[in-house]
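Chains A and B, in that order, are what the protein sequence lines are.
For the first sequence, position 47 matches number 47 in this note's numbering, and the numbering has no gaps at all.
For the second sequence, position 300 matches number 300 in this note's numbering, and the numbering has no gaps at all.
Misleading hints may appear alongside valid ones.
Only some residues are given here: those of chain B computed to face chain A with a beta carbon under 7 Å [stated by the list, open to error]:
no., residue
1, Val-70
2, Thr-71
3, Gly-72
4, Ser-75
5, Phe-79
6, Gly-199
7, Val-204
8, Leu-207
9, Ala-211
10, Ala-214
11, Val-311
12, Val-331
13, Thr-346
14, Gly-348
15, Val-353
For the record, the hints were derived by calculation from the structure and aren't laboratory data.
Note that the Cβ used here is the ideal one computed from N, Cα and C, for glycine as well.
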Amino acid sequence: MARRHLVVAGSVLAVVVLYAVLVPLLAGVDDRVTDFAQARQAPSAEHLFGTDSAGRDLFVRIASGIRTSLLVALLCALLATVIGVVVGVAAGFWGGWPDRLVMRTTDAVNALPHLLLGIVIVAMFRGSLLAIVLSIALTHWTQVARIVRSEILSLRQRPFVDAAVLAGASRRQVAVRHLVPATAPQALIAVVLLLPHAVWHESTLSFLGFGLPPHEPSLGTLLEEARSSLLLGGWWTLVFPAAVLVVVTLAVAFAGQALRKVVTPPQPSELRL
Amino acid sequence: MTTVRDGRGKRPAAEPGTGPADGPARTSARPDAASRTAGDDAPSVRDLRRGRHRDVWGMVRRRLLFIVPVTGLVSAGLFAAAKYSPFDPLVGYLGTRYMTTTEADKAIISEQLGLDQPWYATYWGWLQDLFGGDLGRSRSFSQPVAQVIAERLPWTLLLAGAGLALAVVVALLLGITAGVRSGGLVDRAVTAVCVVVQGLPPFVLSLAAIAVFALTLGWLPAAGLSDGGSDPTAGGVLRHMLLPVVVLAISQVPWLLLAVRESVVTSKGEDFVAGAVSRGIPTGIVTRRHIVPTSLAPFVNIVGVRLPELVVGAVLVEEVFSWPGVAGAIVTSARDLDMALLAFLTIGTTVVVMVGSLLADVVVALMDPRVSTDG
Numbered sequence: 001m002a003r004r005h006l007v008v009a010g011s012v013l014a015v016v017v018l019y020a021v022l023v024p025l026l027a028g029v030d031d032r033v034t035d036f037a038q039a040r041q042a043p044s045a046e047h048l049f050g051t052d053s054a055g056r057d058l059f060v061r062i063a064s065g066i067r068t069s070l071l072v073a074l075l076c077a078l079l080a081t082v083i084g085v086v087v088g089v090a091a092g093f094w095g096g097w098p099d100r101l102v103m104r105t106t107d108a109v110n111a112l113p114h115l116l117l118g119i120v121i122v123a124m125f126r127g128s129l130l131a132i133v134l135s136i137a138l139t140h141w142t143q144v145a146r147i148v149r150s151e152i153l154s155l156r157q158r159p160f161v162d163a164a165v166l167a168g169a170s171r172r173q174v175a176v177r178h179l180v181p182a183t184a185p186q187a188l189i190a191v192v193l194l195l196p197h198a199v200w201h202e203s204t205l206s207f208l209g210f211g212l213p214p215h216e217p218s219l220g221t222l223l224e225e226a227r228s229s230l231l232l233g234g235w236w237t238l239v240f241p242a243a244v245l246v247v248v249t250l251a252v253a254f255a256g257q258a259l260r261k262v263v264t265p266p267q268p269s270e271l272r273l
Numbered sequence: 001m002t003t004v005r006d007g008r009g010k011r012p013a014a015e016p017g018t019g020p021a022d023g024p025a026r027t028s029a030r031p032d033a034a035s036r037t038a039g040d041d042a043p044s045v046r047d048l049r050r051g052r053h054r055d056v057w058g059m060v061r062r063r064l065l066f067i068v069p070v071t072g073l074v075s076a077g078l079f080a081a082a083k084y085s086p087f088d089p090l091v092g093y094l095g096t097r098y099m100t101t102t103e104a105d106k107a108i109i110s111e112q113l114g115l116d117q118p119w120y121a122t123y124w125g126w127l128q129d130l131f132g133g134d135l136g137r138s139r140s141f142s143q144p145v146a147q148v149i150a151e152r153l154p155w156t157l158l159l160a161g162a163g164l165a166l167a168v169v170v171a172l173l174l175g176i177t178a179g180v181r182s183g184g185l186v187d188r189a190v191t192a193v194c195v196v197v198q199g200l201p202p203f204v205l206s207l208a209a210i211a212v213f214a215l216t217l218g219w220l221p222a223a224g225l226s227d228g229g230s231d232p233t234a235g236g237v238l239r240h241m242l243l244p245v246v247v248l249a250i251s252q253v254p255w256l257l258l259a260v261r262e263s264v265v266t267s268k269g270e271d272f273v274a275g276a277v278s279r280g281i282p283t284g285i286v287t288r289r290h291i292v293p294t295s296l297a298p299f300v301n302i303v304g305v306r307l308p309e310l311v312v313g314a315v316l317v318e319e320v321f322s323w324p325g326v327a328g329a330i331v332t333s334a335r336d337l338d339m340a341l342l343a344f345l346t347i348g349t350t351v352v353v354m355v356g357s358l359l360a361d362v363v364v365a366l367m368d369p370r371v372s373t374d375g
């Protein structure tokens, strides 16, 4: 069941990614070139998703939008996961006051209205990719840290760690060679599950005008443009980017959940072997 | 956060003899149970409750103490970030005159405004003013910050309150219906819709609602509080708030609903439900008296957890619908880097969210004695 979900969600994602990568390459049109004679055309055979208020073809522009949004989201998810794994391993391995400090910090970060602080920070450093990535990554590492910490706590009890210690491995070796690699599946799942959140955040920031500059099409900037086009009857400027946003986030979320089931099936106890 | 300690021990001996159909096998254990509650050394229900209240107060104190340093860190970080922002605050202050002012004059102005001070001096000055009751002056609204808040807060409370109330009612009704008949037609339909709505950010929902109900059908106004800037009337406000409130509610419903459904499904499998069913209690009563009450505590918990998202939803909905509330003012002040208003709104919202989730946890802890107060 989980494998079938993974295949379905994965194929949807593959189609979207192919669309995002191939269309801008093959279309032979620069999605930034404006042509006001073609402005606000309804979807037709020539312009599958219609054109925006500057006459740019939306079929091409949405493709570049997905590419930008997914790349930004991937950066955010990777950075958040790296922070989460490092913090989680440190907390789980040392225990004691570092552990309590980490747990309190995750509580604090979780209690904050993330996106609000993101809006404020990104507004101060407007148009900077680094600010967007940091604002998302720094508020989303807590979940990963908690999962990794509890994983480390249970791993420490496992026989292979005892075996390594008996064989004379130092604490450092145990941590770096045995514990960190064992969290890899959790980290992979975390990256996938963080992606939809990151896409959401980036598109929201861009929609409010704090994200990427308007000539860099992301799903958020496209939806921001839809806001003014809608008043002039351009329904397609909203429908297609919104549909793509939903399909991308849902497919990634489903893939993540299915992946979690596939990677971490209910494990039989090692002691029973 | 609150966690369920274990699945047993709820209301010890609080329901003596609810079941008329207590079997003969149970009667043997009965005198023992009765002597336990009546015994001198065992704590009475009242003692347990009093101890519980003490635990909850302890949690409240710990969490309040925790809110202070977090708020301090967030506000300090805000002022530090503002200092390192590449935007010259003078641009906001001078507007178009920025171009015509000489460098020497700019230096004088920034010295008078205290812009050349390090961020902690600015922060310290802001803190002193704040505790002295002076919130400063908002540049983007050309009003004192206190007045901006006083004028706009009621509208946000109206929008967010109505939205949250609607979301809670819808989530409870549909969630319980779906959970009780899990796997049925209603359940599958509701769950599918929820999953799709989870993928839609509030601003997309807002735009879609405006496109359909305001622009295409023309049933409801697209923005603002009243038609053409006239004074708002009760009926007019009601008409104008319908779309934003419904959109805000819809954007919050999926998480709440799926949580209710989940806890209803879980409690359906608990022993006390099986016991009630086997005693021949009708399904309707089992649902109302046994399943729903145990599902409410996790629900209150999830409402508390979702508070930050409600704030973000309010920000986006107010922005798209030009609703004159404080949440929309956050976006305006962030756009203009109007620090006096921005700092107060951001930090105020942060405190409100943290206190709100504490309140939710207190309600949960008082509702359900199984919940631990360690968090």
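A quick look at each hint next to the structure:
no.	hint	result
1	Val-70	holds (5 Å)
2	Thr-71	violated (10 Å)
3	Gly-72	violated (11 Å)
4	Ser-75	violated (11 Å)
5	Phe-79	violated (11 Å)
6	Gly-199	holds (4 Å)
7	Val-204	holds (5 Å)
8	Leu-207	holds (5 Å)
9	Ala-211	holds (5 Å)
10	Ala-214	violated (10 Å)
11	Val-311	holds (5 Å)
12	Val-331	holds (6 Å)
13	Thr-346	holds (5 Å)
14	Gly-348	violated (11 Å)
15	Val-353	holds (5 Å)
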